[in-house]
Amino acid sequence: MRVGFKELFLNTKRRREIIDITEEVQKAITENDIENGICLIYSTHSTTAIIINEEESGLMEDILRKIDEDYPKNGIWLHNRIDDNADAHLAGAFIGPSIAIPVKDGRLCLGTWQNIFFLELDGPRIGRRVIIEVLGI
Amino acid sequence: MRVGFKELFLNTKRRREIIDITEEVQKAITENDIENGICLIYSTHSTTAIIINEEESGLMEDILRKIDEDYPKNGIWLHNRIDDNADAHLAGAFIGPSIAIPVKDGRLCLGTWQNIFFLELDGPRIGRRVIIEVLGI
Amino acid sequence: MRVGFKELFLNTKRRREIIDITEEVQKAITENDIENGICLIYSTHSTTAIIINEEESGLMEDILRKIDEDYPKNGIWLHNRIDDNADAHLAGAFIGPSIAIPVKDGRLCLGTWQNIFFLELDGPRIGRRVIIEVLGI
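Residue numbers (the numbering used here), protein chains in the order written: chain G, 1 to 137; chain E, 1 to 137; chain F, 1 to 137.
These are calculated hints, taken from the structure and not from any lab test. None of the values given here were measured: they were computed from a predicted structure. Mixed in with the good hints there might be a few duds.
Covered by chain G, according to a simulated footprint, are these stretches of chain F (three or more residues, beta-carbon under 8 angstroms) [to be verified]: (1) 25–39; (2) 44–53; (3) 100–108.
Quick reminder that beta carbons are idealized off the backbone N, C-alpha and C, glycines included.
Just need the whole structure built from these sequences, with the hints factored in.
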């Protein structure tokens with residue numbers, strides 16, 4: 001069994017933003033020469049998240065708007081006494097920082113309409129770190 | 001270490017529907033003769049999801065109603081200009097396409113009240129593909 | 001490859017409660033002497049969940065209040081005819097029972113502001129069982 005790691009450092013430009021990282025994740029599998037196993041995508045921040053969905057520009061806007069609706073910036077939260085971003089922490093906690101995807105024959109087992117998205121919830125930020133781990137044979 | 005795969009092809013009959021796949025997942029572990037490891041259940045669609053909860057008929061209806069409430073069909077979304085199912089994409093993105101479960105002594109480590117559910121969010125559809133991956137020793 | 005397991009048995013004191021289990025999870029990695037691999041944290045109950053976020057007391061209260069708002073106790077659900085806790089099942093189903101975290105150089109790859117939280121959604125309860133699985137080399 002082999003275990004390989006790759007790190008992405010993403011710069012975000014808006015408060016909320018979606019970045020498609022599918023290609024970088026597939027590269028990590030190829031670079032580590034894993035045939036069959038698991039790929040774990042893990043974001044090391046509590047105001048970001050990882051999701052999988054269709055790469056369609058309208059839908060990507062819809063996803064950001066839905067987050068704004070479900071986690072409004074103007075909520076009254078205790079955490080805002082320390083740092084004015086409780087909404088982003090709540091969204092990050094419930095959407096979640098990681099997703100695991102099967103790897104078969106050297107390829108991510110994504111469906112036709114599935115891409116891997118990094119979600120910035122409290123940008124803009126420099127150097128958001130995402131770990132791509134590949135484990136298999 | 002061994003890695004095994006099994007595919008399920010599910011036909012759904014309603015727009016939103018829950019299908020209990022627990023037994024099929026356990027079979028995949030037995031068929032691949034994995035003693036200790038991880039089982040990853042992964043749905044290859046962006047308008048479906050995988051969840052774990054109690055297999056009680058009333059609760060299963062409640063889960064579908066809660067999804068209808070949180071992701072109403074009549075929302076005004078950009079994606080609906082292309083395909084009238086943005087609500088299903090949003091639910092799929094936030095609920096998520098996969099769950100990993102520990103495998104010990106050849107069995108899924110499910111609790112007494114835990115079953116594995118495939119969630120159809122935009123049916124009816126033919127041949128929804130779910131990958132069950134088992135990795136271990 | 002090695003696979004190791006550790007079980008936590010948690011006693012909860014309130015209906016909804018957050019318990020920080022980060023230290024116990026890191027111990028499981030050290031005890032099993034795993035250098036590089038995956039750590040899977042899995043709660044065996046359908047009215048609990050696992051999340052990752054910042055260990056700040058105000059934010060931890062905010063997380064519990066957000067759950068109360070999104071899954072109110074007084075909802076009218078079919079499952080409440082059997083057991084008066086549908087709200088907790090719904091929260092458990094959508095937040096999810098497990099998270100996988102990369103392990104590198106013997107350490108969980110958590111970010112600076114990330115801790116691992118067990119969420120009680122229907123306490124108080126005795127002996128909530130969480131499985132920590134470590135798989136790697």
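Here is what the structure says about each hint:
no.: 1; hint: 25–39; verdict: holds (count 3)
no.: 2; hint: 44–53; verdict: holds (count 3)
no.: 3; hint: 100–108; verdict: holds (count 4)
Hint compliance for this structure: every hint is met.
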